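There are 2 protein chains.
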Amino acid sequence: MKVKVSTKETIIEAAISLFNIQGYDGTSIRDIAKKAKVNPANISYYFEGKQGLLEKCLVLFFEAYLTYLEEEVSLLAYERPDYCLKRAVYKILSFQSNNHLLSRLVWREVSLDSQIVREITSSYLMKERFLYKKLIEAAIQENTYSISDISFLIIQLKSLLTMPFLNGQYLREVWNIFPQDRYFVEKYYQHIDDWIDAGLLQKTKMVNIPI
Amino acid sequence: MKVKVSTKETIIEAAISLFNIQGYDGTSIRDIAKKAKVNPANISYYFEGKQGLLEKCLVLFFEAYLTYLEEEVSLLAYERPDYCLKRAVYKILSFQSNNHLLSRLVWREVSLDSQIVREITSSYLMKERFLYKKLIEAAIQENTYSISDISFLIIQLKSLLTMPFLNGQYLREVWNIFPQDRYFVEKYYQHIDDWIDAGLLQKTKMVNIPI
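Chains as they are written, first to last, in my numbering: chain W, 269 to 479; chain Z, 269 to 479.
Source of the hints: derived by calculation from the structure; they are not laboratory data. As the structure is a computational prediction, the values presented were derived from the model and not from experiment. Hints may be right or wrong, so weigh each one.
Which copy? The list can't say, so a pair holds if one copy fits it or any two copies do.
[As the list claims (entries may be wrong)] Here are the computed lysine to any residue pairs in the SDA-like style, where the Cα-Cα straight-line distance is at most 25 Å:
#1 Lys-401 x Asn-307
#2 Lys-354 x Leu-328
#3 Lys-402 x Leu-343
#4 Lys-302 x Asp-381
#5 Lys-354 x His-459
#6 Lys-305 x Ser-416
#7 Lys-354 x Asp-417
#8 Lys-302 x Arg-450
#9 Lys-455 x Gln-409
#10 Lys-395 x Asn-444
#11 Lys-401 x Asp-293
#12 Lys-354 x Thr-275
#13 Lys-324 x Lys-359
Let the sequences and hints guide you as you build the complete structure.
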């Protein structure tokens, strides 16, 4: 059994790497099999072809990613909500950093207007929306934001969280910054933390200032 | 001549649309010709094939996009730098909103780790870096930021500017927000304006508060 799991993982890793370099449509089953050093028949057997392999990548990513959000939402009843939000941010950054190639693939695929991707991700992304809303609404307790403002705040937070991983190559080549480094997560987290404090929680904070 | 220009534009529009739906590798010259209602030979004649067409899209986008940044950098000597920065932000949002399909294509292609895209865009993205740095360094005159902080601020600003256009479908389907609407630009601009004031200029402002 151990060998089989390892073959599956090898295939997935080869696929992630090639999809990132050549694009999904530019990569054949044969390319993946060659890189993974397996027989092409294995890919059909384990994943029912190239689309199944892409689906597997998306599922792997979103199942883990949403777990971090769910964990923190479930802690809202017991802990300071701004801590829960920030811990979710930190966990998601770390997860993406540890899986930077998979993250890039997923965020790029999600930007494509294809029926397949839409079907696979719409459930995950609706769930993601629900969880972010829970966290942010709890964090800005004294709610001076409109519903439309909250949508925009979540969109902004999401863009801050995903962009470095979607554009890993840009960060490396233009800025000499490496999103897969532990150092990056620590440093970048501080900036999002500032954004949460200054941008998101500011209105609440201002209300709290003793006059 | 007019007819020729129009044919070129029709081909470009068909290509942008199909690249967004099927991906670059998933789209053939034949598909584009069919959608544009032209003879496939026209595409070879005008663009030297599919790659030439993609290059044309990237060049069209970046030439316009960088002009907005250049304009504001050249005004830095005459106007308040935070105004220049904010005007650049507004112009870039409007430009992307008016060309939302092209914007999505470009930002997605740039995220791909391909040699071709790397060569075409590295010059543009290095120039973009230079111009953003000029604008942001001028805006935060009383420079309490380190060089590494400025890199991160630019990366954050870029993610806020590009994400809604890269993920137009996500915004539509999950949030019922339409980045191609004028209303979106006005509303979203306010949020980035807040981010610039609270996150980016905050340190400077705090120094300016009369005690």
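Original post:
Hint by hint, which ones does the structure fall short of?
Top reply: Numbers 1, 6, 8, 11 and 12, in rising order.
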